[in-house]
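Student: Below are the chains, spelled out letter by letter.
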Amino acid sequence: MATEVRSEITLAPVSAGRRRKDRLMRGLLGAATLLALVPLALILYYLLKQGLGTISGNLFSTDPNLSQCFPHVPGAPPPPPCDIGGIRSAVLGTLEIVGLASLVAIPAGIGVALYLTEYGKASPFANLVRYFVDVMTGVPSIVFGLFIYIVLVVSHVGGDAVGWKGALSLALLMLPIVVRSAEVVLSLVPASLREAALALGAPRWRVIARVVLPTARSGLITGSLLAIARGAGETAPLLFTIGAAHVLTGNLGQPMNSLPSQIFADLGQNTSNFYDRAWGAALTLVAMILILNLVARFAARRSRLA
Amino acid sequence: MEVSATTLGGGRSSLERSPLSRLPDWFLQFGLAGLAAAVLILLGAFFVVLIAQSSSALSHVGVLSFLFHNNWDISQLSQGGACQVGSHCTFGAWPMLLGTLLTAGIALVIGVPVAVGTALFLTELCPRRARGPLSILVDLLAAVPSVVYGLWGFLVLAPKLRGFQQFLADKLSFLPFWEGTVAGPSYFLAGLILAIMILPIVSAISREVIATVPAEHKEAALGLGATRWEMIRMAVIPYARPGIAGGAMLGLGRAVGETIAVAYVIGGSTTLGHSIFQQGQSLAGVIALQFGEAESTPLYKSSLLASGLILFVLTLVVNLIARRYVVSAGRTGPRRGAGRTGGGAALPGISELEPRAT
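Top to bottom, those sequences are chains P and H.
All residue numbers for the first sequence refer to numbering that gives the first Met the number 0, where the first residue is 0 and numbers rise by one.
All residue numbers for the second sequence refer to numbering that gives the first Met the number 0, where the first residue is 0 and numbers rise by one.
If you are wondering where the hints come from, they were derived from the structure by calculation, not from laboratory data.
Heads up, a few of these hints could be off.
As the list claims (entries may be wrong) - Examples of chain P residues toward chain H, derived with CB under 10 Å:
# : residue
1 : L36
2 : G137
3 : A228
4 : Y274
As the list claims (entries may be wrong) - In silico EDC-like pairs for lysine to aspartate or glutamate, Cα to Cα no more than 20 Å straight-line:
# : chain 1 : residue 1 : chain 2 : residue 2
5 : H       : K159      : P       : D275
6 : P       : K120      : H       : D24
7 : H       : K159      : H       : D169
8 : P       : K48       : P       : D275
9 : P       : K20       : H       : E123
Stated by the list, open to error - Simulated coverage check for chain P against chain H, where a stretch passes if three residues somewhere in it have a Cβ under 8 Å from a Cβ of chain H:
#  : stretch
10 : 54-62
11 : 115-129
12 : 234-245
All C-beta atoms, glycine included, are put in the ideal place defined by N, C-alpha and C.
Generate coordinates for the entire structure from the input sequences, incorporating the hints supplied.
Tutor: Here you go:
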C-alpha cells in the first residue's frame with residue numbers, strides 16, 4: 000500500500016480547503032472508532048462495578064431460592080431483604096447444557112464440513128447444503144427454541160421441558176457456526192498433502208483421519224471454541240425448553256437452570272437484590288465467554304494454517 | 000480420485016483394494032452425506048412445523064389481517080378471554096411487526112455510519128501497530144451475550160438516557176413520530192442497543208470488503224494528488240459499496256431477530272406507541288415475554304407461533320438479499336478456489352461473527 004508519493008513531477012499544491020476537509024473527515028472516522036469502543040468500555044465498567052461486589056462464596060455455593068421471598072404483595076411495603084441465594088445451579092446447568100450441545104454440534108458440524116470439502120466439493124448438492132447452512136446462520140435463535148418446543152416439549156418425549164432439550168436447541172444454533180468455520184479451515188489444507196497420501200495408497204478415510212484433520216486441528220478448535228462461546232450466552236432458545244428450575248440437578252433429564260435464564264428471570268423481579276444477583280451472574284457469564292474467546296484467538300495464532 | 004487399477008483390460012490389478020477394505024470409505028462418504036442432508040431436512044422441518052402450529056391463528060383471522068391488524072388484546076386472547084378457538088374475533092400482530100421494523104431501522108441509521116467509519120479508519124488510516132488490538136476490541140462487542148446487553152440497557156442505559164431522550168424529543172419535535180413524553184424504555188432505546196449489537200458484524204464485513212480494494216486504485220488516486228479522504232471517497236467507497244450494503248443487510252437481519260435485549264428495553268407494551276420515544280414491543284420480544292402465559296390457551300399460543308413464523312420469514316428474506324449483495328461484492332464465503340483470492344482476507348474472523356441473532 001502506498002503511504003507516500005514521492006515523485007519528480009510537481010503536482011498542484013493541495014488547497015487549504017481540501018486540506019481542511021481531509022483533516023476533518025479523518026478526525027470524524029477516528030471519532031467513529033472511539034465511539035464504537037465506548038459501549039464496550041461502559042458495559043465492562045458497569046459489569047465490574049456492579050458485579051464484583053456480589054461475587055462471594057455464597058453466590059457460588061447456594062442455589063437460587065425464591066420461596067422465602069414470595070409472595071410479594073403488590074402495594075404492600077417492600078419486604079425486608081431476604082436471602083435469595085446464589086447461582087450454583089445456574090452455573091452447573093450452563094456447563095452441562097453447553098457441554099451436551101457442544102458434544103452434538105461440534106462433531107456433526109465438522110462432519111458436514113468434511114463432506115463439503117472432501118466429497119461434495121462444488122457439486123450441486125454440496126452448494127445447496129452450503130446455501131442452507133448460510134440461511135441457518137440467519138435464523139433468529141428464538142425460532143430454534145420454538146422449533147424444539149413444538150417438536151420435543153409439546154410431544155412430551157422424556158418429560159416436559161428438560162435440560163437435554165435446551166441443549167439440542169443450542170446445538171441447532173451452534174451447528175452452522177461450526178460448519179462455516181470448519182469448512183474455511185479444512186479448505187485451507189493443501190491439496191498436495193491429500194494427494195501425497197492418496198498416491199502412497201492410503202484409503203480416503205485414512206487420509207481424512209491422519210492427514211486432513213490433524214493439519215486443520217488448531218483451526219477446528221478455534222472455530223469450535225467460538226461456537227461454544229456463542230452458545231453459552233444464548234437465552235432465547237432456552238426460554239421454553241429447559242424448564243427453568245432453581246434446584247441443583249446434574250441430571251440433564253430434569254428441568255434445569257442456566258446462567259442466561261437466571262439473569263433473564265432476575266431482571267423480571269422488581270427488587271434490587273435480584274438485580275444484584277443478575278449483575279453477579281452476568282459478570283460470571285461474560286468472564287466465561289471472554290476466556291473462551293481469548294483461548295480461541297490464542298489457538299488461532301498458533302495455527303499451522305493461514 | 001480413488002487409486003484405480005493400473006491394468007486397462009479388466010481383471011484385478013495388484014494395486015486394487017479388496018471390496019471389504021473399501022467398506023470404511025463407503026460408510027464415511029455416505030455417513031457424511033447423510034449428515035449434510037440432515038441439515039436440509041431440519042430446515043424444511045422448521046418451516047413445516049411452524050406453519051402447522053401457527054395455522055389455527057392464521058386461519059382464524061386470515062393472514063393479511065394477522066399481519067396488519069393493529070390489535071393485540073392480551074385480555075381477550077388469554078385464558079377465559081373472549082377470543083378462543085370456537086368464537087370469532089379479530090386480532091393482529093401489526094404493533095409488533097412495526098416495532099421490529101422500526102427498532103431495526105433506528106439501529107441501521109445509528110449503527111451503520113459508525114461501523115463503516117470504524118472500518119475505514121481501521122483499514123486506511125490507523126497506524127499499523129494499533130490495527131490488530133483495535134479490531135479485536137470492536138469484535139469483542141459481538142462476544143457480549145444479548146442478555147447482558149438487556150441487563151445493561153434496562154438497569155443503566157434506560158434511566159441514564161431518559162433526560163437525553165427527552166431533550167431529543169423536545170428539540171426535534173417537528174419530525175414525525177417524534178414528540179411526547181419519554182418513557183425510559185422505548186423504541187428509540189431498543190434501536191440504540193441494537194445499533195451497538197450490529198456494530199461488530201457490519202464493521203467486520205466492511206473491513207473485509209475494504210481490504211479487497213485493489214492497491215492500484217488507491218495508489219492511482221494518491222498519485223493524481225488526492226488527499227487521504229479524497230482517496231477514500233473516490234477509490235475505496237465506490238468499490239466497496241455493494242459489500243458494505245450487504246454487511247448492513249446482514250446487520251438488519253441480526254437486528255430483526257434479536258430477542259432478549261430488545262424484550263427488556265422496548266417496554267413491552269403491545270399497543271402501538273405514536274412516537275419513537277414510547278414503549279412498544281417487537282415480534283421476538285412478544286414471544287419471549289408472553290409465551291409462558293400463552294401455553295395453556297391454544298389460540299394465544301398459536302398466534303405467538305405465527306409471530307415466530309413471520310419473524311422467520313422476515314429474517315430469511317433479509318438474509319437472502321444480503322447474501323446476494325455480499326456475494327456480488329466478491330465475498331463468496333468459504334468456497335473452494337475463491338477463498339484465497341480477493342475476498343479471502345479475513346474469512347475465519349468473519350465466520351465467527353456472522354451468526355448472531357438472539
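Student: Determine for every hint whether it applies to the structure shown.
Tutor: Right, here's what the structure says about each hint:
no., hint, verdict
1, L36, "holds, 6 Å"
2, G137, "holds, 3 Å"
3, A228, "holds, 6 Å"
4, Y274, "holds, 6 Å"
5, H:K159 x P:D275, "holds, 18 Å"
6, P:K120 x H:D24, "holds, 17 Å"
7, H:K159 x H:D169, "holds, 17 Å"
8, P:K48 x P:D275, "holds, 11 Å"
9, P:K20 x H:E123, "holds, 16 Å"
10, 54-62, "violated (count 0)"
11, 115-129, "holds (count 12)"
12, 234-245, "holds (count 4)"
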